[in-house]
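Could you put together the complete structure from these sequences and hints?
2 protein chains.
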Amino acid sequence: MTKILILGGGGMIGQKLAAELAANGLNGDRNIAVTLHDIAFPSNSAPGDQVAGDVSVAGTMKAAVANKPDLIFHLASVVSGEAEEDYSKGWAVNMHPMWELMEALRALHKADVQYRPKVVFSSSIAVFGAPYPDAIGDEFLSAPLSSYGAQKAVCELMLSDASRKGFVDGISIRLPTICVRPGLPNKAASGFFSGIIREPLNGKKAVLPVEDTVRHWHASPRSAVGFLTHAAALDTNLLNGRRALNMPGFSCTVAEQIEALRNAAGEDAVRLIRREPDENIIAIVKNWPRNFETARALKLGFKAEANFDEIIQVYVEDELS
Amino acid sequence: MTKILILGGGGMIGQKLAAELAANGLNGDRNIAVTLHDIAFPSNSAPGDQVAGDVSVAGTMKAAVANKPDLIFHLASVVSGEAEEDYSKGWAVNMHPMWELMEALRALHKADVQYRPKVVFSSSIAVFGAPYPDAIGDEFLSAPLSSYGAQKAVCELMLSDASRKGFVDGISIRLPTICVRPGLPNKAASGFFSGIIREPLNGKKAVLPVEDTVRHWHASPRSAVGFLTHAAALDTNLLNGRRALNMPGFSCTVAEQIEALRNAAGEDAVRLIRREPDENIIAIVKNWPRNFETARALKLGFKAEANFDEIIQVYVEDELS
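Protein sequences, first through last, are from chains L and B. In this text, residue positions in the first sequence follow our numbering: the first is 128, and each later residue adds one. In this text, residue positions in the second sequence follow our numbering: the first is 128, and each later residue adds one.
Since the hints were made in silico from the structure, they are not lab data. Mixed in with the good hints, there may be bad ones.
Identical chains blur together in the list; that is why a pair holds if it fits in one copy or across any two.
Stated by the list, open to error - Derived BS3-like pairs: lysine-lysine, alpha-carbon spacing no greater than 25 Å straight-line:
hint, residue 1, residue 2
1, Lys216, Lys292
2, Lys130, Lys237
3, Lys216, Lys237
4, Lys292, Lys413
5, Lys189, Lys216
6, Lys130, Lys189
7, Lys426, Lys130
8, Lys332, Lys237
9, Lys189, Lys430
10, Lys331, Lys195
No experiment lies behind these values; they were computed from the predicted model shown.
Structure representation (structure tokens):
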């Protein structure tokens with residue numbers, strides 16, 4: 128029986144991961160017990176034991192791992208917009224709990240040296256900051272221009288060092304912007320990348336706050352779940368000590384996104400997008416990564432969509448049917 | 128009157144910095160008041176008000192900055208060997224106090240928005256991990272292979288984000304291995320790079336634990352002090368948000384170091400070096416950076432020695448005369 132803990136299990140990705148584990152097991156292994164940990168859960172939550180807790184409260188992480196899970200997905204985080212608005216909360220939720228988690232796991236390892244859980248951490252391409260090369264390679268520096276990115280980068284370093292010291296077996300996967308996000312908009316400054324597709328597909332108006340020429344790096348929620356389960360199974364010796372990995376994705380402009388929307392739902396859908404430039408969002412987005420060359424991740428077997436039509440198709444299949 | 132606080136003011140670099148400030152002021156400005164903060168001070172300490180405190184104890188940083196210094200040099204650290212031996216102590220001394228410092232300065236800024244001190248942090252080339260390109264450039268990733276390196280990288284991220292948010296004005300300078308260190312050996316695994324020069328120059332035997340072919344990146348203590356005072360005066364707008372900077376240095380092999388020793392002190396000095404391979408040190412050193420291309424720092428006016436003869440000359444002038 129593999130004990131799996133999903134920190135942030137109430138969130139969008141956590142729920143999709145839990146649903147995948149319930150439907151198909153962990154990479155085919157159905158002998159699993161899944162615990163979802165979060166401050167709150169949706170009323171129609173995916174299957175899994177629910178534990179309510181706030182990771183920013185001291186002692187929460189220690190309690191969360193007391194039963195020695197074999198595999199921990201750490202997805203608990205406030206989003207980029209909120210981390211930027213509320214500096215204290217961002218660091219309190221997105222950084223300090225990783226330290227608490229490492230310390231809790233170190234204590235468990237000390238008491239039982241056989242215990243060395245796999246930890247899969249959802250990092251982000253927000254660890255990068257402009258200026259960029261045409262495509263960001265696997266050896267490009269992490270120089271974040273947001274608190275969210277700084278917090279993710281710090282967590283990567285803590286997890287890598289704890290792994291090197293041998294009391295956890297960690298991997299950080301830097302997610303592209305996840306698109307098309309289902310549900311309601313959140314405080315992520317990247318929300319419009321999903322909104323301009325999701326809202327029109329549901330017959331609703333959407334606001335586009337940036338130029339059509341803005342290029343960005345996308346993968347679907349289904350790909351994100353695939354990254355997580357693939358990372359869980361990965362032999363981390365193949366990482367050669369570099370345990371933070373840029374995930375594959377698809378690079379396209381907003382214009383190309385809109386073209387894919389037109390292909391999927393016609394001109395009427397496209398007409399629901401209202402251009403309403405927002406200087407705040409323009410200023411944030413201009414520092415975001417536009418394109419990657421993810422040779423390492425592809426070689427290690429991580430997979431994403433090959434074009435934006437596929438990304439829309441995933442949304443239609445997983446959310447509208 | 129510029130209030131200057133040197134955290135780690137009792138250490139080798141802190142003392143040399145204090146001596147420079149006493150002798151020449153801060154880049155010529157003699158209207159300064161210098162406070163040295165450390166757990167202990169040498170009996171023949173350089174000038175400055177001494178404050179004893181352990182930065183790893185909660186509240187120490189808050190107390191240390193309560194009088195609102197205009198300029199803070201943060202050099203307080205346990206060395207790489209000790210951080211590797213004692214994981215808890217390494218993170219407790221080398222990482223958490225930076226967070227405490229940022230929080231203390233944020234509180235002071237909140238009470239007085241005019242207060243935004245310059246913070247110069249001594250980071251290290253230990254933030255890098257093998258494999259490397261022939262020369263590490265300014266956009267190479269930080270993927271440390273030591274706890275010390277991970278802690279320094281985390282501090283850089285915290286300082287950069289705090290600076291971006293505007294309550295401090297920070298810069299992290301990644302020091303080369305400082306050579307020739309005066310005084311007794313410490314727990315730094317890099318100690319032999321200095322030992323094989325310093326001990327023979329003083330008529331003593333020295334142990335060389337690695338091959339002659341090992342290449343490394345060096346600068347003198349005098350250069351280190353120059354980096355710090357230059358960083359203190361630097362307009363950080365020139366950093367374009369990338370506030371961690373590889374310092375210039377000189378790349379040479381152990382054989383070239385020994386050749387420079389021969390030039391300076393003759394064959395008798397060289398004969399005092401005993402080759403005694405140490406597998407532990409060999410394993411650590413093989414992951415260390417060997418060479419850099421520091422275009423940004425050079426353009427910003429940071430200067431180091433041009434060859435190892437100059438580095439030995441600095442030791443002779445500053446320590447033996």
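Next on the checklist: Output the indices of the hints that this structure fails to meet, ascending.
Outcome noted: 7, 8, 9, 10
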